[in-house]
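Enquirer: So the chains spell out like this:
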Amino acid sequence: MPSIAKPTAIHPSLHRNELGLTIRDYEGSMSTLCAGCGHDSITAAIIRACWEISLAPHMLAKMSGIGCSSKTPTYFVSGAHGFNSAHGRMAAIATGASAANRELTYIGVSGDGDSLSIGLGHMCHAIRRNLKMLYIIENNGVYGLTKGQFSASADVGSKSKKGEPNRMAPIDSVALALSLGATFVARSFSGDKEQLVPILKAALSHRGFALVDVVSPCVTFNDHAGSTKSYLYTRNNMLKATETDFVPPASEILATIGRNGAVSVAMHDGSVVRFKGVPPDYDPTDREKVLDYLSEHHGKGEVVTGLLYIDESVPDMHELNNTPAQALAKISFEKLCPGSAALDALQEDFR
Amino acid sequence: MNPTQIGDPSYFHKVVDCQWACPAHTNVPEYIRLIAQGRFTDAYMLNRESNVFPGILGRTCDRPCEPACRRGRIDGKPVAICRLKRVAADHRGEFKDRLPKIPARKNGKRIACIGAGPASLTVANDLMPLGYQVTIFEKNNKPGGLMRTNIPSFRLPASVLDEECQTILDFGVDIRYNSPVTSMRALLQQGYDAIFVGSGAPRGKELDLPGRRETDRIHIGIDWLESIAFGHIDSIGEKVLIIGVGNTAMDCCRSSRRLGAKDIKVMARRPRAYFKASPWELEDAEEEGVEIVINHSPRRFVVENGKLIGMEFERLEWDAKAKNAKVIDTVFLPADDVILAIGQENAFPWFERDLGAQFDKWDAPVVDEKTYMSTREGVFFGGDAAWGPKNIIWAVEHGHQAAISIDNYCHQIPVTDRPPYGMNLVSQKMGLSEWSYHNDYNPSPRQKMTHVDLTERFKKLSIEVELGFSPEQTAREVQRCLNCDVQTVFTAEKCIECDACVDICPLLCLTITRDGAEEDLRQRLSAPALNLTQDLYVSAPLPQTKRLMIKDEDLCVHCGLCAERCPTAAWDMQKFELITPYAGRAACCAQA
Chain H
1 MPSIAKPTAI HPSLHRNELG LTIRDYEGSM STLCAGCGHD SITAAIIRAC
51 WEISLAPHML AKMSGIGCSS KTPTYFVSGA HGFNSAHGRM AAIATGASAA
101 NRELTYIGVS GDGDSLSIGL GHMCHAIRRN LKMLYIIENN GVYGLTKGQF
151 SASADVGSKS KKGEPNRMAP IDSVALALSL GATFVARSFS GDKEQLVPIL
201 KAALSHRGFA LVDVVSPCVT FNDHAGSTKS YLYTRNNMLK ATETDFVPPA
251 SEILATIGRN GAVSVAMHDG SVVRFKGVPP DYDPTDREKV LDYLSEHHGK
301 GEVVTGLLYI DESVPDMHEL NNTPAQALAK ISFEKLCPGS AALDALQEDF
351 R
Chain Z
1001 MNPTQIGDPS YFHKVVDCQW ACPAHTNVPE YIRLIAQGRF TDAYMLNRES
1051 NVFPGILGRT CDRPCEPACR RGRIDGKPVA ICRLKRVAAD HRGEFKDRLP
1101 KIPARKNGKR IACIGAGPAS LTVANDLMPL GYQVTIFEKN NKPGGLMRTN
1151 IPSFRLPASV LDEECQTILD FGVDIRYNSP VTSMRALLQQ GYDAIFVGSG
1201 APRGKELDLP GRRETDRIHI GIDWLESIAF GHIDSIGEKV LIIGVGNTAM
1251 DCCRSSRRLG AKDIKVMARR PRAYFKASPW ELEDAEEEGV EIVINHSPRR
1301 FVVENGKLIG MEFERLEWDA KAKNAKVIDT VFLPADDVIL AIGQENAFPW
1351 FERDLGAQFD KWDAPVVDEK TYMSTREGVF FGGDAAWGPK NIIWAVEHGH
1401 QAAISIDNYC HQIPVTDRPP YGMNLVSQKM GLSEWSYHND YNPSPRQKMT
1451 HVDLTERFKK LSIEVELGFS PEQTAREVQR CLNCDVQTVF TAEKCIECDA
1501 CVDICPLLCL TITRDGAEED LRQRLSAPAL NLTQDLYVSA PLPQTKRLMI
1551 KDEDLCVHCG LCAERCPTAA WDMQKFELIT PYAGRAACCA QA
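So the protein lines, in turn, are chains H and Z.
The numbering used here puts the first sequence at residues 1 to 351.
The numbering used here puts the second sequence at residues 1001 to 1592.
Warning: the hint list may mix true and false statements.
To be verified - Calculated Cβ distances over 12 angstroms to all of chain Z for the following chain H residues:
#1 Lys6
#2 Thr43
#3 Arg48
#4 Thr74
#5 Ala97
#6 Ser190
#7 Leu232
#8 Arg235
#9 Lys300
#10 Ser313
What the hints assert, rightly or not - Now the in silico label distances, taken between C-beta atoms and shown as ranges:
#11 Lys240/H x Arg1524/Z: 27 to 37 angstroms
#12 Ser1010/Z x Lys276/H: 57 to 67 angstroms
#13 Arg1524/Z x Pro249/H: 51 to 61 angstroms
#14 Asp292/H x Val1426/Z: 53 to 63 angstroms
#15 His15/H x Lys1096/Z: 55 to 65 angstroms
#16 Asn321/H x Ala1492/Z: 52 to 62 angstroms
Quick caveat, the hints were computed from the structure, so don't treat them as lab data.
Please read all numbers here as calculations on a predicted model, not as lab measurements.
Beta carbons are placed, not taken as given, at the ideal position from N, Cα and C, and that holds for glycine.
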């Protein structure tokens, strides 16, 4: 834990975004995670992404559950709303929050324990509902807060700090999400912000549920030789399947089809995700091909990263349920609660 | 880029901007920390080591350290380094027992110094402890040189000046007052082993315009100040014009105010941006109601019936860079007295030109810039006598360097053999997130010096205007120092490239990136490194990706968060101490 607050002095060349804010305005309190934790790098990437798209801090809701990962919302955008829920319940709480106020931007930060063990069911259903949110899994393969037991994402054969290999098969959040019909699936690495920041920005403008699984080494319990989630292993085995640019809505878009058959996907809010480099046999809009590609490379021990799959055609939870366009708080009480006569009439309909 | 060689003392020395800018390389951050701890005597002695006159310089130094101070680039105002030096001097306790012991048995070498100013006194300060017998010839009846004659007592009290000069004289210096050297030849014949010329720049520049010789109410600034210092002048007319806008002009106008002048104008040829006076001296003069008039070029002195009635000026209009001017019109300004403060120069009417010491076409002595020796062996120059007027802190450094040369010369070592600087680099880590220095950034604004009331201060010439910092002001000001000597030291082999340091750095100093040429690298850092006077600290290739860790030293506030967030202690905060060699004392070097 740092001994001091971050100095208030700022670099004179710091730019201001459309809201007149510097990137320092998107910071939160000082992190209390271990020095060198991958999660802190992801926090820095979130701060950068929110600043770059000029997200108004008060229009952001930060959701989390329990775990090292779930502490991190405290460390970014201190001007935002936040809900630190019970273990594994973040997706459920976020669903309720979004139902009540669809005008906020939702960023959920979870971990491999919070999402793939105790909260797996909630996550699956948030995916099915296509809840409009950015859902980050800070994936380090261990339970850091309880001193480094294997989590559900630990690879078979990956060794614990003591040298014991893991024997149980992992749950791959990316493959799982694809199989559940997720509409935005990405994997990245905390040590590669050049890749991560554009993915986060794209995820924030996605129409529905955006899952971003980020390999985030646990510097204390899972950064040793033999681990498949260490900084060194990830760097040596990372395969960038796609490279993406995020083009915000205000920018002029000159071409939708780039060189080398690269794909551009128009997002629901008018921005564009441009795939710069995609392998010849790869199509980020074809679910089956992506799954094939993933299993092929996973077999080689490679960590496939990038924005792997995107589908902007699926309606999100609000569209599916035909809910009002604004937050419930903005709807008059009379309309929200039309009285017992209206309730009786409704119930009569169901008889 | 090649990895930065941090074993070279000059690399980290340069990061300590104040110490690098100081001609005498005073260890500013260390003495500020000592003041913060209330260790005033220790702070005083640390100052004295390099700048010899902390009490005097704490009031009068030209402070090259302050424009260089990193804090100025962070929040616009540098640390009040000079005023903190005065705090150390004002609050110090007894220190005489800490001065070097003067050997009773002398080394047999006799040194003559000409002039008892800061340069000569520094030579004596450095050589007396080595057993030299030093004789100083002084034309006045008190020591101090231009520090006494040119700096008014309301800026530098005589007691402070006397005490710090006396400390050196008490080493057993043979001081000969009222003894102007009238012939260098005669002095050379007295058989001294070396002679140091520290006679200053005592000749004020003339302004030969019509009317100059027709009245006795036109004064040469530095001579006039000297007459005040020795009590020969105690009044002046009501209307005074000061010609020139350097620091001497500021002393002249403020002295005039105290001698009874009511309407004082400082006349400048060029616009304000080109003034030679230090901004704070201008500010102090204006606070005392002195008017500063720009774009006026002197044309003639107006004398009627043998009485000075004023001066005629041409009003100028300058081009954008104030290179060329055109005359708009001519104006007359009334005056009872005019004081010329347009510069001063060294002068050696007593130095025969056939003694083997060359003088250049401006009749200035030819002096080696490293050894301070003239072209006649064994004759050294320093202070304003060497290259014309600079300021006290330069004179002190000249004295230190000349003392090294004299020591070499007297021991048949080539004067060109300069002892190297040394350094110490010691980790400040005390425990987890615990450092032996105060790493928290304090956003306090620069403390303003309080002055004696305007009604009070003019009652007597010798009332010191600046009151010094209060304890509260001192406590706030010391915390503004960024501890630039506590260096961020990086060990590439330990780095796992987790980005923690890059993410936490509040001033975007750090970047991990691929190698490139410096110009290219400077453009693609976390924040572009546009201040080319500040170095990039470049690591060896990092173990995992072979990229480089690059630190732009420019705006680092030395908060140590990079080291606190580093999981492998690849970053560490280490205190850099420059070890400066002095005569007879080589810098013992504990290599990093």
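Enquirer: Now tell me, hint by hint, if it's right for this structure.
Expert: Verification of the supplied hints:
The beta carbon of Lys6/H sits about 5 angstroms from the closest Cβ of chain Z, which is not more than 12 angstroms, so the claim that it is off the interface is violated. A cut-off of 12 angstroms between C-beta atoms contradicts the statement that Thr43/H is not in contact with chain Z; the least separation is 8 angstroms. A beta-carbon of chain Z is positioned within 12 angstroms of the beta-carbon of Arg48/H; the least distance is around 10 angstroms. With 12 angstroms as the threshold on Cβ separation, the claim that Thr74/H sits away from chain Z holds: the shortest Cβ distance comes to roughly 15 angstroms.
For Ala97/H, the condition that its CB be more than 12 angstroms from all CB atoms of chain Z holds, with the nearest at approximately 28 angstroms. The non-interface label for Ser190/H is inconsistent with chain Z: the shortest C-beta to C-beta separation is roughly 7 angstroms, within 12 angstroms. Listed as a non-interface residue, Leu232/H fails to keep its Cβ farther than 12 angstroms from every Cβ of chain Z; the least gap is roughly 6 angstroms. A cut-off of 12 angstroms between C-beta atoms contradicts the statement that Arg235/H is not in contact with chain Z; the least separation is 5 angstroms.
Taking the minimum C-beta to C-beta distance to chain Z, about 21 angstroms, the non-interface status of Lys300/H holds against the 12 angstroms cut. Distance check for Ser313/H against chain Z: the nearest CB is about 36 angstroms away, which clears 12 angstroms, and the non-interface claim stands. Checked against the hint of 27 to 37 angstroms, the pair Lys240/H and Arg1524/Z fails, with Cβ atoms roughly 20 angstroms apart. For the hinted restraint 57 to 67 angstroms between Ser1010/Z and Lys276/H, the CB-CB distance of approximately 45 angstroms leaves it violated.
Checked against the given bound of 51 to 61 angstroms, the beta carbons of Arg1524/Z and Pro249/H, roughly 27 angstroms apart, lie outside it. Under the hint 53 to 63 angstroms, the C-beta atoms of Asp292/H and Val1426/Z, about 59 angstroms apart, fit the expected range. His15/H and Lys1096/Z have their C-beta atoms about 57 angstroms apart, which keeps the hinted 55 to 65 angstroms range intact. Restraint check, Asn321/H to Ala1492/Z: a C-beta distance of roughly 56 angstroms satisfies the suggested window 52 to 62 angstroms.
Consistency note: the structure conflicts with the earlier hints numbered 1, 2, 3, 6, 7, 8, 11, 12, 13.
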